[in-house]
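Line by line, the protein sequences are chains A and B. Going by the numbering used here, the first residue of the first sequence is number 391, and it counts up by one from there. Going by the numbering used here, the first residue of the second sequence is number 9, and it counts up by one from there.
Read the hints as simulated data drawn from the structure, not as lab findings. Incorrect hints may have been included.
Unchecked claim - Where chain A lies over chain B, by a calculated footprint (3+ residues, C-beta under 8 Å): (1) 18 to 27; (2) 31 to 37; (3) 71 to 81; (4) 87 to 97.
Stated by the list, open to error - SDA-like, lysine to any residue: derived pairs with alpha carbons at most 20 Å apart: (5) Lys463/A / Pro431/A; (6) Lys468/A / Ser412/A; (7) Lys49/B / Ser402/A; (8) Lys22/B / Pro117/B; (9) Lys72/B / His93/B; (10) Lys492/A / Gln50/B; (11) Lys492/A / Thr86/B; (12) Lys74/B / Gly24/B; (13) Lys492/A / Glu95/B; (14) Lys463/A / Ser402/A; (15) Lys460/A / Pro117/B; (16) Lys49/B / Lys463/A; (17) Lys492/A / Gly24/B; (18) Lys492/A / His93/B; (19) Lys63/B / Leu84/B; (20) Lys492/A / Thr39/B; (21) Lys463/A / Glu60/B; (22) Lys49/B / Met401/A; (23) Lys63/B / Lys460/A; (24) Lys28/B / Val70/B; (25) Lys492/A / Lys28/B; (26) Lys49/B / Lys445/A; (27) Lys492/A / Lys22/B; (28) Lys445/A / Gln434/A; (29) Lys28/B / Ser62/B; (30) Lys72/B / Asn59/B; (31) Lys49/B / Thr417/A; (32) Lys492/A / Pro94/B; (33) Lys49/B / Lys460/A; (34) Lys22/B / Leu84/B; (35) Lys504/A / Lys28/B; (36) Lys492/A / Met401/A; (37) Lys28/B / Asp111/B.
Using N, Cα and C, we set each Cβ at its ideal position, and we do this for glycine too.
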Amino acid sequence: AQTVTQSQPEMSVQEAETVTLSCTYDTSENNYYLFWYKQPPSRQMILVIRQEAYKQQNATENRFSVNFQKAAKSFSLKISDSQLGDTAMYFCASLIYNQGGKLIFGQGTELSVKP
Amino acid sequence: GAVVSQHPSWVICKSGTSVKIECRSLDFQATTMFWYRQFPKQSLMLMATSNEGSKATYEQGVEKDKFLINHASLTLSTLTVTSAHPEDSSFYICSALLAPSTDTQYFGPGTRLTVL
């Protein structure tokens, strides 16, 4: 079975500092994708970053980057220069290629950025 | 691009009535859409996968006769909560796969359902 685990229910960080959110996953498949989604208080789900498992290079999107450790099945999200607008729930998710596009979500981490 | 809308954004209904929620992909065609349910401070729980022109596939434990899903066109899927009860009160979110991609879902803004 495919599972995604986020072991940090809540985290906080000072504005302008860096924070890392943890995520581990379990799958027996070789072809899969990993995602981080952000859900701010508006509850709109927003794609933050996407990683193909076959790519060794870590994905980056401006202030957001991942540390993808395939052997350890770890997929952490680093947010640099944290901004107040980064305050949100963050969900890690996995998707197995060619299995209908279903996402498996982790439990979520509630991030608070403090001024 | 890749915008998904939901209507209504919130709805209050009486116990025993039915409520329909619409999910539309505004600027792309979506052969596959998904319906999720989310309780406060919890993760998204997949309810069903909706494929255009065919019957929806429901996740284990989701009552297909209670949560009716119709995907009649490439841009519209609907979720009808039949004979709603207070325990059905929740936040319902839809998403759509951007064809021909099969790996990125775009989410609607959600619908808050309150059953009195």
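Please verify whether lysine 28/B and serine 62/B have alpha carbons no more than 20 Å apart. holds (19 Å)
20 Å limit on alpha-carbon distance, applied to hinted pair lysine 28/B and valine 70/B: holds (17 Å)
Has the given pair, lysine 49/B with serine 402/A, been kept, meaning a C-alpha gap of at most 20 Å? holds (16 Å)
Would the hint linking lysine 492/A and lysine 28/B be met if the CA-CA limit is 20 Å? violated (23 Å)
Distance restraint between lysine 463/A and proline 431/A, which requires alpha-carbon spacing of 20 Å or less: The given pair, whose Cα atoms are some 29 Å apart, is violated under the 20 Å limit.
Pair hint outcome, lysine 49/B versus lysine 445/A [Cα-Cα no greater than 20 Å]: violated (33 Å)
Checking one constraint from the list: CA of lysine 492/A to CA of glutamate 95/B, max 20 Å. Satisfied? The hint is violated at about 25 Å.
20 Å Cα cutoff - pair lysine 63/B, lysine 460/A: violated (36 Å)
Hinted pair, alpha-carbon criterion (20 Å max): lysine 72/B, asparagine 59/B. Please report holds or violated. holds (15 Å)
For the region 31 to 37 of chain B, do three or more residues have a beta carbon lying closer than 8 Å to a beta carbon of chain A? Coverage by chain A is violated here, the residue count being 0 at a Cβ distance below 8 Å.
Assertion that chain A covers the region 71 to 81 of chain B - criterion: three or more residues, beta-carbon distance below 8 Å: violated (count 0)
Does lysine 468/A pair with serine 412/A here, judged by a C-alpha cut-off of 20 Å? holds (9 Å)
Of the numbered hints listed earlier, those contradicted by the structure are 1, 2, 3, 4, 5, 8, 13, 14, 15, 16, 17, 18, 21, 23, 25, 26, 27, 28, 31, 32, 33, 34, 35, 36 and 37.
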